[in-house]
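Chemist: The hints should help you fit chain P with the ligands onto chain L, whose structure is shown.
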Amino acid sequence: MIGFWKKKEPEAKEQPQAQPAEEKKGFFKKLSEGLSKSSGKISTGISDIFTKKKLDAATLEQLEELLITADLGPATAAKLAQAVGKNRFDKEIAPEEIKQALADEIENILKPVEKPLDTNAAKPFVVLMVGVNGTGKTTTIGKLAHHLKADGKNVMLAAGDTFRAAAVEQLKVWGARNGCPVIAKETGADAASLAYEAIERAQAENADVLFIDTAGRLQNKSDLMAELEKINRVIKKKIPEAPHATILVLDATVGQNAHSQAELFKEIVNISGIIVTKLDGTAKGGVLVGLAERFALPVYAIGIGEGVDDLRPFTARDFALGLTGLEEEYARTD
Amino acid sequence: MFENLTGKLGNVLDALKKRGALKEEDVLLALRDIRTALLEADVALPVVKAFIDKVRAEAIGEKVLRSVTPGQQVVKIVHDALIETLGHENAELNLATQPPAVILMAGLQGSGKTTSAGKLGKFITNKLRKKVLLASLDVYRPAAQEQLEILGRQINVATLPIVAGEKPAAITQRALKAAKLEGYDVLILDSAGRLSIDDDLMNELIAVRDLAKPVETLLVADSLTGQDAVVTAENFHSRVGITGIILTRIDGDARGGAALSMRAVTQKPIKFLGVGEQMDALQPFDAARIAGRILDMGDIVSLVEKASENIKLEDAKKAAEKLAKGNFDLGDYLDQLRQMQKMGGLSGLMSMLPGVGKIKNAMAGANLDDGILKKHEAIILSMTNKERAKPDLLNASRRKRIAAGSGTTVQQVNQVLKQFQDMQTMMKRMNKLGGKGMMRSLQGMLGGNAMNEMEEMAKNMQAQGNGLGGGHGILGPNPFPEK
Ligand SMILES: Nc1nc2c(ncn2[C@@H]2O[C@H](COP(=O)(O)OP(=O)(O)OP(=O)(O)O)[C@@H](O)[C@H]2O)c(=O)[nH]1
Ligand SMILES: [Mg+2]
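These protein sequence lines are chains L and P, in that order. For the first sequence, position 34 (counting from the first letter as 1) is numbered 99 according to my numbering, and the numbering increases by one without interruption. For the second sequence, position 145 (counting from the first letter as 1) is numbered 545 according to my numbering, and the numbering increases by one without interruption.
Do not take every clue at face value.
Cross-link-like lysine to any residue pairs, in silico, SDA-like; alpha carbons within 20 Å at most [said to hold, decoys possible]:
1) K775/P x Q127/L
2) K237/L x A254/L
3) K818/P x S797/P
4) K295/L x S806/P
5) K237/L x Y540/P
6) K613/P x Q554/P
7) K613/P x S638/P
8) K775/P x A291/L
9) K774/P x E262/L
10) K580/P x Y540/P
11) K454/P x R435/P
12) K250/L x Y540/P
13) K449/P x Q127/L
14) K774/P x A804/P
15) K237/L x I562/P
16) K302/L x E262/L
17) K449/P x K250/L
18) K250/L x Q554/P
19) K775/P x E292/L
20) K774/P x E332/L
21) K176/L x T380/L
22) K775/P x I333/L
23) K774/P x E157/L
24) K818/P x A796/P
25) K237/L x I550/P
I should point out that these hints are in silico values taken from the structure, not numbers from a laboratory.
Isolated chain L, as found in the complex (with noise of 0.2 Å):
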């Protein structure tokens, strides 16, 4: 599924963009700024931290609560922060060494949820799009159906989110972005059999991948998640495989309830894998770290806008060096 990435298209341009002045950069250099915007402060903080000085508990706690801010959580944080600091400790140390432990530490955490979404294995190969309000399923839809398209596929969306007012509008504009069929009922129709029918649409015509958008729900509304849980159900009469793809659509402004987020959603449908959105803003996302020791739940893809190609693979490394602020430098000096 290496090619699902490489397809570099030219901005279809005609929609108002979120940054209309600004031209399209390079993926490092733009997944770079994103995230060098959040970590200038953990990569400052360090360098003051470490020059020239003796590694000790305090100096610890000071990386631990620079772990914090990032939104790793006090228990990953503290947990990583004992890592760095093993066999280095009372020891001269220089900040280099120190950013380099870290984003080794938080990398060798990340590598394993490193893998890319692969819709080779089915036809139609369902995915099923779920997460909590506004996290940016609907968007995320449209810049997987992007690259697909790109990649020469036939893909169909479906307006599953029958609730919220102009979610059908909106993903509808996605679909006439990227050419697109997208199955659609009105506003208030039962989303299960939307669902249903949208299976058997494109069964019949013969469509690679199909994308289920649901409605946001925050997922302690038992009476939502059962909803949510009818339309897993109904799909699987359908196509008992499916769906093939269940993905959680994370915010990366998100805190430590996240992990209420995977848990509890990953109760109601199989959860076979994250995207995190946003991640071009000040945000950091750092609780992917403690979500990925915990729930090992592959991260298929980054947001990192709100055009229809700003979404990136995932990768361990550069999230890990964004993290601690070293994807900057390496970027200065490339």
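Modeler: Here is chain P with the ligands on its own, set in the frame of chain L:
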């Protein structure tokens, strides 16, 4: 594993309360745990530090160490400091200006601006009795303007007609003109979501602000936000100048963190809480209530208010009378189940009660939740009226019939009956505690033993679930008993 702040502080403070005399180390230890708890609840680190310093300074005083119940004293200090940080000034909407009073909604993508704009429109129209015009400046997200238009139609509030291709500044001017000409009291401008570091879009927002001169610029922020809350709030405030905050998705299971953070860095009041997806799910902010939730006191005010809205007083009286006479039957139990569902189901109800962290954990482990309420309902609905009134009638063959009728098993029917018995016992206990009526009974739950009973119930339900989950501690007494 990852308890919410309420659960975590509950454990910490329970431990404190069990000791007669507190040593300074105990306070420091407790504060260490409170620090972790606050961080787990996503309060931003600098805010946590300032908060802990404040509490430490007060807690390690002689007064605390010599007082009769030092644990409760610490609880009180933490509680007061929380309220102080959250802000206790009057946070009403300011509309005092030459009409139209403009309200500008701003915030990150996906934080809930459009939904909140609709809710606010409804609130101002219905509660403040003012004429409101809604206008969307979101020309970026597909169908965003349509979304506001549809919401406006739903709540019967006017929206500015959409003109395709128009820029935000031009829309603002048109909206202002329309509001003036057509005599609107309030104009709510819903802006597109934007990152606080996106210079172009932040400048666009500043231009809109300069045109519209809003009396209120409200930062709409998601209560699920982590450490970024301080960064975003600080940036929006320093660039655009906010007058208040709307905290959305407070009906989720993330608690308090972002509220404390944003309030602390902007010093601007949290004016409203978004508590659901419906257009009336907007509540005025109440610091004591949120602090209470954070401190494991339960959101008893919300509970009581919600109960009074949803439960018909008549029904409650009837149930109470039946209880007093001791003939609370399965039909009444069915009513109770339905009332519980109206109040947001078990999880909704539980989240408003003290000790919630622990009960919720027990429930989560049991995979319990509201599916069980529905199942219980189905089982009772498969009974005849006679059977409901006299559960003793339910012999083996009747139970078999009911199981078949409700699509369950005899075992599950037995569980309902056991549950009913527990409920009966609990209702009797509550009745004794709280006097007459459902409302009093709910308040009575705060009183003491009833909470243990609730936990027992949760445990039993857990056992019925599928035997998952480990043991859970006994709930401590409520630190702030009803007076
Ligand atoms: N900056 C930025 N914005 C994003 C990204 N992904 C999505 N968004 C924006 O976030 C907002 C919400 O995105 P949606 O795709 O509507 O989110 P959703 O999860 O479908 O929302 P609901 O269906 O309402 O639950 C929109 O304004 C998107 O443009 C991203 O990677 N970066
Ligand atoms: Mg959507």
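Chemist: With reference to the structure, classify each hint as holding or not holding.
Modeler: Hint by hint, here is what the structure shows:
no.	hint	verdict
1	K775/P x Q127/L	violated (52 Å)
2	K237/L x A254/L	holds (16 Å)
3	K818/P x S797/P	holds (18 Å)
4	K295/L x S806/P	holds (19 Å)
5	K237/L x Y540/P	holds (15 Å)
6	K613/P x Q554/P	violated (28 Å)
7	K613/P x S638/P	holds (16 Å)
8	K775/P x A291/L	holds (13 Å)
9	K774/P x E262/L	violated (28 Å)
10	K580/P x Y540/P	violated (27 Å)
11	K454/P x R435/P	holds (12 Å)
12	K250/L x Y540/P	violated (24 Å)
13	K449/P x Q127/L	holds (13 Å)
14	K774/P x A804/P	holds (16 Å)
15	K237/L x I562/P	holds (18 Å)
16	K302/L x E262/L	holds (11 Å)
17	K449/P x K250/L	violated (51 Å)
18	K250/L x Q554/P	holds (19 Å)
19	K775/P x E292/L	holds (16 Å)
20	K774/P x E332/L	holds (19 Å)
21	K176/L x T380/L	holds (8 Å)
22	K775/P x I333/L	holds (17 Å)
23	K774/P x E157/L	violated (64 Å)
24	K818/P x A796/P	holds (15 Å)
25	K237/L x I550/P	holds (16 Å)
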